[in-house]
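Trainee: Here are the chains, one letter per residue:
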Amino acid sequence: MGEPMVGWIIQAVRRGRLTTRFPRAAPTEEELPPTARLPVLTPLPSEASRLREARCPTEAIEGTMIDDGRCLRCARCLPPGAPAQGPWDGPEPRPPRGPGSAGSGNGPGPDSVWAAPFARSLHVFPIDVGSCQACNLEVLALANPYYDASRLGIFFTPTPRHADLLLVMGVPTAAMEEPFRRTLEAMPTPKAIVAVGACAVSGGLFRHLPGRWAVESAPVPVIYVPGCPPAPVQILAALRRAVGTPRAEGERR
Amino acid sequence: MTRAAGWGRAFGEPPWGADAWIAYIAPDRGLALVCDPARNGTAVVESPDAAFLSRCSPPVEPERPAPGVGRDREPGAPTAAGRLRFPYGPVTFGLFEAGRIDLLTPGERVVSVRPQAGYKHREIDRTVVGWRPGEALPWIERRVGPFSVAHADTFLSATESAAGRPVREQELWLRALGAELQRIHVHLGHIGRSVEAAGQPVATAQFAALAEEARRAMGRWGGHRWLFGLLDPNYPLRRLERPELRRLAEEVGTIRRRFDRLWELARATRIYIDRLQSTAVLDRAAALALGAVGPVARGSGIGWDDRVADPIPPYDRLDLHPAVESEGDALARILVRVEEIRQSAQLVEQISDRWPGPLGEIDPRPAVAPGRGWARSESPAGDLVYDVTLGEGRITAINVRTASAANWPAFAHALRGSVFTDFHFAWESFGLSFAETDG
Amino acid sequence: MIGAGALALVVGLVLLAGAALLARIRIRLAYAGIGFGALAFVGAGLVAGLTGTFDWGGWTGPLGESEFLRVDALSAYFLIVVGIVGVAVAIWALGDDRSAGPGLPMGMATLLLGVGLLLAAPTSLLFLAGWEIMTLGAFAGLLQGSRPRERVLPAAYVFLGLGEVSALGWIVAWGALRAARGSWLLSGGPVPAEWAGIIFVAGAVAATLKMGVLPFQIGEWLPLTRASAPAPIAALVSAAVTGVGAYGLLRLITILGGGPAWWGGLLLIVGCGSALVGALWASVSDHPQGLLAYSTIENNGLILVALGASLIASAYGLTVLAAVALFAALFQVFAHASAKAGLFLFAGSLVRGSETPALDRDRFPTDRTGRPAPGVFLAGLSLAAAPPMAGFVGEWMILEALFQSYRIPSLGYQILGILAGALLALAAGLMVVAMTKFIGYGILGRALPRTGPGRPPGVNAAILGMASLAVALGIAAPGILTALAPVASLVGGRPLSAPVVALLGLPSGWTIVSGAPFGAFTPTAIPVALGLGALVALGYAALGGSARIRRAPVWMSGSPPGLIGEAYGSVPFSTGLRTMLKELLPSAAVVGFDETREPPGPGIPEALDPFERGYVQAAEAVRGVGQAISRGLMVGRLEWYVAYLLLAVLAAVTYVGLLYH
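Protein chains in written order, with our numbering: chain A, 1 to 253; chain B, 1 to 439; chain C, 1 to 661.
These aren't lab readings, by the way, just hints derived from the structure by calculation.
Be careful, since some hints might not be right.
Incomplete in silico selection of chain C near chain B, CB under 10 Å [unchecked claim]:
| no. | residue |
| --- | --- |
| 1 | Pro553 |
| 2 | Met556 |
| 3 | Phe573 |
Calculated Cβ distances over 12 Å to all of chain A for the following chain B residues [stated by the list, open to error]:
| no. | residue |
| --- | --- |
| 4 | Trp16 |
| 5 | Asp49 |
| 6 | Ala136 |
| 7 | Glu141 |
| 8 | Ala163 |
| 9 | Leu210 |
| 10 | Glu213 |
Bear in mind the structure is a predicted one, so any value in this text is a computation, not a measurement.
In this text, a Cβ means the ideal position worked out from N, Cα and C, and glycines have one as well.
If we strip away everything but chain A, and leave its shape as in the complex, we get (with noise of 0.2 Å):
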């Protein structure tokens, strides 16, 4: 039997186009999940307020207000049937509570990263430091037809010495905080990090690990990606908001 390279020419043809019109369209309830959006709190009486916090596995709740960086958006604090109803992409990613980080001007400055975009030719290293997987899979995820982040012009490259953008998936252990210090020192300038997951961001579950200061401490510039895991597409609007290029008509909220 021959080579079928007509057969996967013809498959391919038949499926035809999969990739998503983000960021010139919206993304449609398919491409962002329940869970991708953040829950709207309801105003409750303190004892069910209360309760409603207990509830919470990574104690992002107070009140009705919402740690963006550390919800898992699991869902746990909605009514049963209820789903999310809070934006999908947040407003300026607010970093994460906890000594030592916001305010010590390693937040993310302004909208973008870099004075100049880097529309067209953004290489991206990502780099585990403790992650469950399901955040590299969604990383994965935007090199598949479906997200094709090639044609926006963000690549992945095998190594961090190509690259401009590190991508942080998982709770650095105390095993990876070096490697990941190594890794970062091995990039060029100019460099950023985008903290993909709830896990980077914040520690997630894990905020107990000492190494999960190591992503907020480093002295370049971080874009926080909430979420566990955030959805391919909220992975995408991070990496064009980090590289500032001008909002285009889906990415407004």
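Fit chains B and C to the supplied structure of chain A, relying on the hints for placement.
Mentor: Just chains B and C, lined up with the frame of chain A:
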């Protein structure tokens, strides 16, 4: 041959047959689980004695990765002239996980393989101590995302066994449905990445698209693309009504048909099959001696599948045969995964069709000791064992023997003698996960 | 009255003889004597080159000849080459404070003495004497190898044995010449055709034996690797002695005045086979001296190919092509000698005192690589045939000559020429790999400590000097070729001018051409172009923005860089080649090197020559025959010996009687 971790092989002394093996020995020696293909079910040995352990070959010592610092300081044995020890990891794009594999090579062939896990140790087992099982679920699920349902399922079954608490049958059907969906998704991912390693961009894109569709199906049905929270009884987003299940079955059917077409093409792509054939061969004897589980063992001719050997509802009502190949090379393991995708798709359809309405409750497995229970299930990577001790409704001890931890020695053995470029075919066909190993 | 040239030559010979004798008493004085003796050789060669052939003699010798020493253009050229190598080696030895005992200068001096004698020999007997003295000197030098005696001695004996076989070849050749011409003189009238074949074959075998080409490679690599020869001897054997082999071949051609095309075909086949084999083994070798020895085999193969092409071309009357090939062969001798000597002098310090020397492992911990590094780099590039080095010029001319095989009227030789060209190109590619390996692991890669005594200035000077010579030869190649015209004319038997012309606006004599017309090239322009380019780059850098440089540690997938004890060594470097070509390599280069065995197999083996087995068997056979004869004849009984005596007397009486009858 390196030592097996947490289990070994029992000689054919009564009451076990010649091919019996030990699936799990608890670190405190309070529990041992033995599997015998000659008879279904798992034999439990409570408090195995020294005589039992001495009969095991190789000697059974649970070998856990050192928590915390991952072997950065280890100097390693000096190499002979002309060889270099090449550290693959912990930060590589190819593995895409944090873990290191030290390869000893004279330049082309891999002479020895030393995996170094422990880089992703997030202390999950220590964190959940003191929580109730329901509260501990988020951590258990996020030990390894792609297998979240299998881990949550096994964990909950172990706690139910420990607490002696019966479980609603519908919950069991739900767990099975989630597990089968994730099995499809995981296998699609491995096959897709093995095609990518063979340099087939069109095929890679097509398989990746299928994996994305599987994720979207899970997201639409279960409320989360990775089915986190699915097994939490209070999870507000899961949809168990019949129309939703039917829609899920249709989507999975579509995925299966598309996969059949893609696999037909991939199987005819000579370059791809060439790379898989005779790569990283693991023969049956080695698989048994090293304690391989899951698709790895089934690819080497050991036809053990927890769902068949130790069936709990709904598997006792569905027809399922373990997919077994005998060659033991990467192609065999990929073929096992192909067959399992098909079977899991059929199982999804069957489960959706025969979904039971609100039914009665099923008694859990009897506890080993007061407050101590165990459970096994077939995760997408293989046999998974949880051993949980509860005290006053809260977890006091938890031990996990994961499939990835079991398959490391087999991987190290099979990869020897391959060339570097075969690494990814071995890696994807084995389907190991550092996240699962470290926890 | 003795002329200047003859005086220089005699002084040189005397100095060398004196050095050999003095070596036991004052070693450094002996080295100085060697150096000055070699310098005198150079002087004699230069005088001959400027003023023409000279001789020295004037009395009637025992064989009726009237000359004792005779230096013509060919001898002069080789005197210059060998002399320069000798000077460099002497400077190295003087500078090296770890030199061996008196055996080494004795060997070196004897070797050079023998070479001088054979180069200036007017008679074949003196030629033979010189050849033997050279072999003995080399043998004595090889015995000074740094390995244990039981390893050195057999290897040195192999060299000696092969040297004697080559002497035997010369005996046959010159004996046939005597029978053909009736005189022992080397120069003289033409040779009758029926003797020419025997003379050529015997002499070619004898000469190529010394050059270490197929199938005699064992004579080249075995002593240098197994015996771990000291650097000066290795340099002399590789550069000078193999050059002398080329001299022997050239002298043969001069005497015989060209010959049928099949002589050239034979040389072509042997040459390209050796080139390929040498390059292949060099690229997978990890022994510093072994790699260079194989490279010598390859270069000598190149020279043979050039000579062969020249013979074929002149047999078919293609004078221009023949000239180009001849000039190429002559030039390549000097190019190879200079670069190879420099590298051997460097490699000597890499192997010293080590049981299993490996390119990437053995270093003097206190040596700064420092100063010789540019020399090693340039000399290695020359051997890798990179422009504008001398090696490139020679290689270019040889390949261009082979490209023109279409001019040969015979189809068979056309195909042979094309094949040879293709194989030579392959060999050249493999040599690039080998030299990259040598340079990379020799001077780059590992950071040596920046403190420490460093190498003595004499050592540095010798290495850098030879490397500079290789570069200078390349840049000044057109001029060198012009100077070689008298040599080529002598060998070719008719007046030849160097293949240099005026072209592309450059003055006459600066561009080398390879055909009529075919290709042209001027190596002199390359340094000019490089210099201009460097100026432009520097200017741009000075004017342009500043480059911020940040030093970052090596990226090892996130692992600490010092974690792994072994870097990517020289063995893994060639493993790809070794695996791909394992059918072509001798099995021991890939076997005994079990890649999957753990614990790992023994250290890096030196490649076993597939012919070695043949040699061992032949040697065993000879020994067996000898033993059988001795056992048969030496029965130990007095009666038999008396009978032998009687037989001998009878034979003598019969012979004398027949003579006078």
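Trainee: Failing hints, ascending?
Mentor: Of the numbered hints, 1, 6, 7, 9, 10 do not hold.
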